[in-house]
Amino acid sequence: MRQSAWLFLVMAVAGGISAASAQHQHAAPPPCAGADLACATAATPAFAADGRLWVAWSAGGQVMVARSADLGRSFAPAIAITRNPARIDNGPDARAKIAIDGNGRIYVAYAVFQDERYNGRVYLSRSTEGGGFSEPRPITEDATSQRFETLAVDPSGDLLVAWIDKRNAATARSEGKAYPGAALAFAWSKDGGTSFAPARIAQDQTCECCRLGIGFAGPHRPVVAFRNIFDGTTRDHAVMTFADANTPGPIHRISVDDWKTNVCPHQGPALAIADGIYHVAWFTNGQARQGVFYARSADGGATFSPPIAIGTKDRAERPALIVQGHRVWLAWKEFDGEAMRVRLMVSVDDGANWGAAETIASTTDASDQPLLVGDGRGVFLSWLTKKEGYRLLPLPGAS
Amino acid sequence: MSIRLAILLSLVACSALAADLQPFERGSWEELRQKHAGRPTVIHFWGLTCGPCLVELPEWGRFAPATKGAEFVMVAADPVPEEPADLATTLTKAGLSGIESWSFADRFAQRLQYEIDPRWRGELPMTILIGRDGSSRSILGTVDFGELRGWIEQQNAP
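The listed protein sequences correspond, in order, to chains A and B. 107 is the number that this note's numbering gives to position 57 of the first sequence; each next residue is one higher, with no gaps. 51 is the number that this note's numbering gives to position 50 of the second sequence; each next residue is one higher, with no gaps.
Isolated chain B (complex conformation):
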């Protein structure tokens, strides 16, 4: 194998491991919902500046990649946008590099929060469950993964 090819392959492997963060801007929420429409989706809002989020993140890292029956999305919702590199490092460390990830990319965070849920004031962590029928439910604070598993099973019940 040529050196060049070896570098290429190792970089491809690296880029697959690193979380690919998409900028969450005006309209991103609608885009995200449409993309997952008709399938049970768990959207977890977290932040680098949120202590409880960082404590909980490794649990998401164990749960999300190993759980079938729902699609998982991580959204970094720091009110002051954080460096994508820092977010990607934290996501990768938590075992979430393979999960679809977005990051707030507008300092006018209230506008993004309003599009997601007009009642949400940006408290983190926050999780939104969107069912097959499009109905959604917000969970403020850390989640009970047992209950979350129950919701996913219910969504997939025949």
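With the rest of the complex left out, here is chain A:
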């Protein structure tokens, strides 16, 4: 008998472990176990009105936040949002979320896996007067499943949470009806995140595994870009503009990419809005086109410009957008087999024309999605990489 089998026997008898867990002899080195930013796989930034940068992340089963007064070069001691370790959703399009309102109130949200079927529960915490954070609470009473939450403070100061919800999917299945995907749901808080109005469903049968893009056409008029499921099979992007806080508008297809698939794309869209122009960037692998694309709408999302292919064919992924005045920055990632690069393009005329793409950062190991963040003056790339850690880099072309 092989020596390893004897070792296995001794371990099994001594520790009472299962046969399955003994497979660890082949496993990857143990992941970073702490709750530090260095152990996180994704970090989400937001600027407060006072110019401080806040970053939220999950690591070691905890959701943490920390603030920086020097644009991410150093951070104050991190604050734990979670009270106990949990199985935080860390999928490729999931991350801890953070939003800060004009009064400096900080909101943090995240999803926890409830079971082995990846049903999630979204929790929200808000900053308190004393500098701490409230105990995280679910954003909705329904416990079926919420994931891919997005926080957005609307121009009036109210807090919108939108997410992917499985309550209608569960109901349909219990009635024996087909229900591809999951629903786009939302809820408002008018009291700084203390309480939420009941959740509403804005759209049924949307992609269940993609992040959402959210902006505002005006106070209480959210705009949501999302990967919809058209005709039960085609996972193309759509945009919806609310008529008022509780009235989701019709959905408009951003582009007929014709991605008929039952795979999990794990890649949602990026959306930015300024001066009535919607800017959208997304990934598709459809019959009509493949790769990352950009399009814009000047008529409230009713029609979009022809999609522009972004970056190197077959390599571009994970687009991010930010707008300031008439300037638009579009960043994405490209992997060439050795290095992962963040590429950037800038438009100075509302996205009508674009400058040449340039590389603004790179790494040779695992990395988060590139995110773009602004503080009203500057715009920055926020990027967490395994090798280099957290970086906040000012973008070229800022006014």
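Calculated directly from the structure, the hints in this document are not laboratory data. Where is the CB? At the ideal position from N, CA and C, for every residue including glycine. Worth double-checking, as some hints may not be accurate.
Unchecked claim - Covered stretches of chain A (in silico footprint by chain B; criterion: 3 or more residues with CB under 8 Å from a CB of chain B, positions within the stretch not fixed):
hint, segment
1, 132 to 145
2, 420 to 434
Said to hold, decoys possible - If we take Cβ atoms under 8 Å as the criterion, some of the chain B residues that face chain A in the derived model are:
hint, residue
3, P53
4, L125
5, A158
Starting from the structure of chain A, add chain B where the hints point.
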């Protein structure tokens, strides 16, 4: 039979039932291809975090162990590496414990995906068919097992 021997035998039986997952790292794809070179091979990429994969997995469990004429390999390709114990439990439940199995063991998933197929962005499920002559074909999404059977028969046609 001594108690010790009884425990030993039951553990040997258990370990045979549990999927033995090998870590899929840089270079593993080449290793895997060389190992199966010259024989029709079906490599199925799945993930614990992929709903359609979990729905389809029991079909693989019925198909793979019962199908002759091709070698089957399962690769868990979750972009964030999953616990081998959880993967093994799911594979065993699906009837795939006896099938060669690997699991992505590098958080830099793009590097692994690139080695497998530079055009693949990690969407799951995905299946690669490698013929006797080394030619390969990728199927994105769930497979049609009738077509898969046809490919295997074609590979084994005299």
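These are the hints, each one checked on the structure:
no.	hint	result
1	132 to 145	holds (count 3)
2	420 to 434	violated (count 0)
3	P53	holds (5 Å)
4	L125	holds (6 Å)
5	A158	violated (31 Å)
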